[in-house]
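Student: Here is how the chains run, residue by residue.
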Amino acid sequence: MIPLFRGILRIPPTALLGMAVVFAYGFVAVFAHWIAPFGESEVVSSQYDPWGGAFLLGTDNIGRDMFSRLIYGARNTVGIALLISLLSFSAGGLLGMFAAVRGGWIDTALCWLVDILMAIPQLIYALLLLTIFGTAVPVLIAVVALLDSTRVFRLARSVAMNVVVLDFVEAARLRGEGLWWIVRREVLPNVLPPLIAEFGVRFCFVFLFISALSFLGIGIQPPTADWGSMVRDNATLITFGDITPVLPGLAIAILTIAVNFIVDWVLGKASGGRA
Amino acid sequence: MTKGGLLLEIRDLRIEARTAGGAWNEIVHGVDLDLHRGEILGLIGESGAGKSTIGLAAMGYAREGCRIAGGSIRFDGVDLATAGEGTKRRLRGARIAYVAQSAAAAFNPAQRLIDQYAEAPVRHGVRTKAQAYEDAKALYRRMQMPDPEHIGYRYPHQVSGGQLQRAMTAMAMACRPDLIIFDEPTTALDVTTQIEVLASIKDVVRQFDTAAIYITHDLAVVAQMADRIKVLQYGREVEEAPAATMMAEPREAYTRSLWAVRHLEKPAAAAPKLDPVLSVRNVTAAYGRGVTVLDDVSVDLHRGRTVAVVGESGSGKSTLARVIAGLLPPVAGEVTIDGGPLSPDLAGRNREDRQRIQMIYQMADTALNPRQKIGDIIGRPMEFYLGLEPAAVKARVAEMLEMIELPADFAGRYPGELSGGQKQRIGIARALAAEPEVVICDEVTSALDQLVAEGILKLLMRLQRQMKLSYLFITHELATVKAIADDVVVMRHGRVVDRGTKAEVLFPPRRDYTRTLLDSVPEMDTRWLDNLLAARG
Chain A
13 MIPLFRGILR IPPTALLGMA VVFAYGFVAV FAHWIAPFGE SEVVSSQYDP
63 WGGAFLLGTD NIGRDMFSRL IYGARNTVGI ALLISLLSFS AGGLLGMFAA
113 VRGGWIDTAL CWLVDILMAI PQLIYALLLL TIFGTAVPVL IAVVALLDST
163 RVFRLARSVA MNVVVLDFVE AARLRGEGLW WIVRREVLPN VLPPLIAEFG
213 VRFCFVFLFI SALSFLGIGI QPPTADWGSM VRDNATLITF GDITPVLPGL
263 AIAILTIAVN FIVDWVLGKA SGGRA
Chain B
103 MTKGGLLLEI RDLRIEARTA GGAWNEIVHG VDLDLHRGEI LGLIGESGAG
153 KSTIGLAAMG YAREGCRIAG GSIRFDGVDL ATAGEGTKRR LRGARIAYVA
203 QSAAAAFNPA QRLIDQYAEA PVRHGVRTKA QAYEDAKALY RRMQMPDPEH
253 IGYRYPHQVS GGQLQRAMTA MAMACRPDLI IFDEPTTALD VTTQIEVLAS
303 IKDVVRQFDT AAIYITHDLA VVAQMADRIK VLQYGREVEE APAATMMAEP
353 REAYTRSLWA VRHLEKPAAA APKLDPVLSV RNVTAAYGRG VTVLDDVSVD
403 LHRGRTVAVV GESGSGKSTL ARVIAGLLPP VAGEVTIDGG PLSPDLAGRN
453 REDRQRIQMI YQMADTALNP RQKIGDIIGR PMEFYLGLEP AAVKARVAEM
503 LEMIELPADF AGRYPGELSG GQKQRIGIAR ALAAEPEVVI CDEVTSALDQ
553 LVAEGILKLL MRLQRQMKLS YLFITHELAT VKAIADDVVV MRHGRVVDRG
603 TKAEVLFPPR RDYTRTLLDS VPEMDTRWLD NLLAARG
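Chains as they are written, first to last, in this note's numbering: chain A, 13 to 287; chain B, 103 to 639.
No lab work stands behind these hints, which were simulated from the structure alone.
Where hints are given, some of them may not hold.
Output of the computed footprint for chain B on chain A, the stretches with three or more beta carbons under 8 Å from beta carbons of chain B [to be verified]:
#: 1; segment: 171–180
#: 2; segment: 183–193
Across the chosen pairs, the derived CB separations fall in these ranges [as the list claims (entries may be wrong)]:
#: 3; chain 1: B; residue 1: Arg338; chain 2: A; residue 2: Arg22; range: 33 to 43 Å
#: 4; chain 1: B; residue 1: Gly514; chain 2: A; residue 2: Leu28; range: 23 to 33 Å
#: 5; chain 1: A; residue 1: Arg196; chain 2: B; residue 2: Thr394; range: 30 to 40 Å
Glycine included, C-beta positions come from ideal geometry on N, C-alpha and C.
Bound-form chain B, shown alone (with noise of 0.2 Å):
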């Protein structure tokens, strides 16, 4: 691939943020960082790298309590470092665009999408309305959504999620611009709607010639984006390569861990043998009147083993956990629980039943009350379900927070002084201060770093191991299933497409959903978009 000339040209960029204390502390500590025309460059780390703040300043640009302290950013001769605000505000969404990561957010909900296309280029004056209605149908077509010609004038909630993204990208084409920063813009996808997201974008940013920072965690995306890839730690440069040569042969110890965190593993368990602890007999489920959303639907939980519920998002997986959970009483069939029946309804559960299923949330900044400290908050299922004094609560929350490898004096913060991944250790600990027999866990690392999601996927095994734990996991990763399941049930709008055990339903694929479901999966190859689009027609 030719590429133009150099376009964006950071060097020695240092950017500080307000502490609490009004004190300023450097979160990016001099980094360099050049880009072509034509060329995107990917940016990849925890989160905490830093890296949305360095797509940010690539357009003059810092976040409230932060500023750009040193370095120069030269965009086409520019200095964007210096210069003024004028100046910045005329190259923003005409020469340098912005896609966020939630579309839904960044869109305004009270005004259609093709006027706020044509916002950009009218502002800038590089189109009139007219003209920018009829560049937004065509970019509309180019990327593949549907009904290009009318889809402009819905309103951003009428439109699905991937839509929204794609509608974001055509928008900050709308200028022609040299530059486009995305900013993890299919984190919040599916797998299935990522792969169009991914490839509407790849199509887009290739027949304009555009150059490109994709910011993003997820490794295989950025296999597939990127021309040359940036790895970042603590604000920190790791290093940088050609994608071929990063995916190939990463040099620093850091790249390596990212990389082998995909090939986390649980070996396979010959089928159960026992009575199921927790059965799900042909649930049937449906919010208000009408719209079913479980229909029929039979999944078997056996002690000591982890069910891994998959399916996209709207297939009824989240919903299976409210029926169990009892806050969501089904129409027809029933749950039981070492054989017994449990009431559907969470009122008619005495507080044994009760105890035995415990969940454990995807979101951990809600799942854990703000104004609580983590000492109560784990403390409180063992004076509850198992009425042990406040000495022997206190002794055993401190057993608990070793055994979710945190510190002791932990047991005094509040939730808002841990990180996500150590948050989402209190939803385990507390999860587990019930000892309970079944444990659902909601997409519990859909929303951590890679590195933080393989942390708390070891840490549900090794408990599961020494407490046989029985878990029923739910989640859209098939990654994550690889890493953790014994069983696997797949679903689809709210029915069971197949079941059983991880080799029989995975390898190789038994339904066509479920090899939909594993060729969407990016791989670490950078050329595995093209040649699955390919195969694909």
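Next comes chain A alone, as it looks inside the complex (with noise of 0.2 Å):
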């Protein structure tokens, strides 16, 4: 138990926080169903009904419980981003590793590849998949995902290429290692921490990638509680000197900075730093 303790107290205190924010996201992701004092799509009350009461943030556009569908919006906007940053990562990290280490003409094709997805703006491409294969939850995560991966893909493939080069990866070749040995034991571990990083940074794109498209009517659809609808639902009551359409947004930003916090520690820890 004293190690434990130990170990926990060397832990920067801004990645503990960090771990606490990210920790209590996902308690009320979990336990939304317990937690929230009303249904998700619940019509309790009529509409915008002022905070306090039976009511802690009022209700919206169309007199649902505003805290009850925060709660909600925890467990389906957090949970698709994770989903997606996990799928890009996987997809992107290792066809960039994979790429960078086979080189010669299946490098190339699927940089082409890459460059054309990226060639066209990520927002309109994500418009147009969306209307062509509807807006289900498995596409949403596909097309969102697929979108993401070009550019781990671009970052690991440029990273993995300056490890690729060195000697010891030149050992593995001749030792007569197979390719995925290489990816996963020479290469992995030393494109990891640039990796992390964009981990962090990307995770916080999706999630607001999400909310753009949910705000433009195609990401996640009604009556499921989502951060990005959320505000656009309520975006009238800015103009009354209301805040609360500002609470989802402020609950990402909340994460996007905790998610950031751990980040910074894994990183300084993956690439023997002293932090």
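Reassemble the complex: the two chains are provided individually, in unrelated frames, and hints are given to aid placement.
Tutor: Printed below as a string of structure tokens:
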């Protein structure tokens, strides 16, 4: 118990704070059903009730409890963003390293493909694909993950390129190691630090991207609670000086900062620094 | 030689470095140093002896993470240890200059040489730009650079390493400083290039009566350059004496051990009788289209023997290693092992073929994956080639570590926690873990200090005797050849100039080029450079 305690003490306070916030978000997301006082899409009152009373943060444009929807939103938005980031990082990262190690025409072909995907602005591409394939959640995840993985691919490939030319990779090739072994054992540990740093940033971008899509009406579909569409639904309140619509945005901002606190710490550890 | 007044007086210099924990740790423990005008002082020692740190401190500078903790550095009456940044900045470049080891890294690749030369004198207001250009050309001529009128208008990548190092020395001379600090200026150069650079440095330093601190780990070089020599170890002075005295009769045991390294010599062996274990036959190789790097090269390596492949950089010796390893399929010719042909392409070789030939690299830093533990690095070939179980691998790794004279608990460490020499030993262990027949050693000692290199060479020879290994030893250092080779192949411009046993090829040299190479190796005689230059006219 004491070594564990010492270990925690050695973690910088910012990272501890970040972990606490992320843990709280996770807890809320998992146990949303028990924590939220009302249902996700349950109409419980009239429109735009003020804060206080039975409705802690008032009600939204069709009389649903704002507080309950914020809690359910954590589950939907955070869950989907996390899934997308993990997908895009495993796909983009692995393909990037694969291209760097394999080289030759496969590398060239993959780069072309990624260039084509990147040539069209991400938002427009997403609009196009989501319009074609519909806006079901699995489609949304697949489309955003695909678009996002192009950036990860670029990064992973360029970092891996610098590793591939080193002698220890040549030694592994000479030994006759397979491609997968070289990617996993020789290259991956050495490209991990920049990828982790990128994860923190990209996770937040994905978050914002989904919110933007939801705001445009092609993201997570109503009545599912989602922070992006909650901003849109209640946007009119801002004109009356009510800050309620800003709350989902605030939730996003706090999580973004918390995630980056953790990433900074992991990055310091992974790159062998003194942090 | 008459010397002027005292120029630099360092007393009880203490320098501290910050450790990973944030505490300050003393690395230079009270060194005294005197330098008179026009005098050259050689600082010598292994890496970690603090010679570069002291050299930089002579400019009042401490590296990132270091600080001057005590003592005085009086340069012409000014104490640099306590002087303000402004004072120091006016001195640096103008009255104290610095020549770094790697000229290629010290020049700005985006500016012409002559513009970089002119920067300091113009900035310090000593010369106008036009005057600085004229000075530069005069100096380039004096340093015997080819085409001195125009070479300054080239970019750093357009001149050779030796020329770049001379341009750097010329740049240091630009403000006619009182003191120049040379930090291993010729370490990265070939022996033949090194001579030209040494001669130029010595000449200009004499002409302008500049004082210099010459930092190096090469004793023979310091013998040519210095009036006095100071030997350092672990941030302390071991001894100091005039160069000739120091060469002839070093007092301390540590100094004598440094001196002894160069006398390592493998006894001559009789010419081999059996068929060669590895044979390179009439190999021609090229990079891309047209640029031939190897031209009709044949080399035989016999079991239990060492073939040293010697040549300057660009002679194709590393390319030969790549061809044998299968990394560069040759255009013509073939490589055979135990009489059987080897596939020219790596993809065509099976696991047994690969196991028979292992490589040890020059730069142990890049040859070991920094994110793998030593135990995994050495253990992988055993698992891969010999199919050992994890428990057997663990036991064998412990044996290997003992064999390379490292403690068993190193298995749990990462390469970053090891010194350069220890890393190279791990590289050797990884190659031997595969139980190969042939080991290609590509400049394995070039990046190491002499004492450490000696340890590596002795280890390689002991392992050769124990395991009947055959080495193909690529090097540009003739001292190493004397120490380890049975047979020698001399290469130049991708062709074999001479081959045979060590005695046949080197003692005495049969070919002119071999003689030039041998003559270019500095000897432990303070008059050697002068004599050689006089002899060459």
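Student: Which of the listed hints are broken here?
Tutor: Of the numbered hints, all hold.
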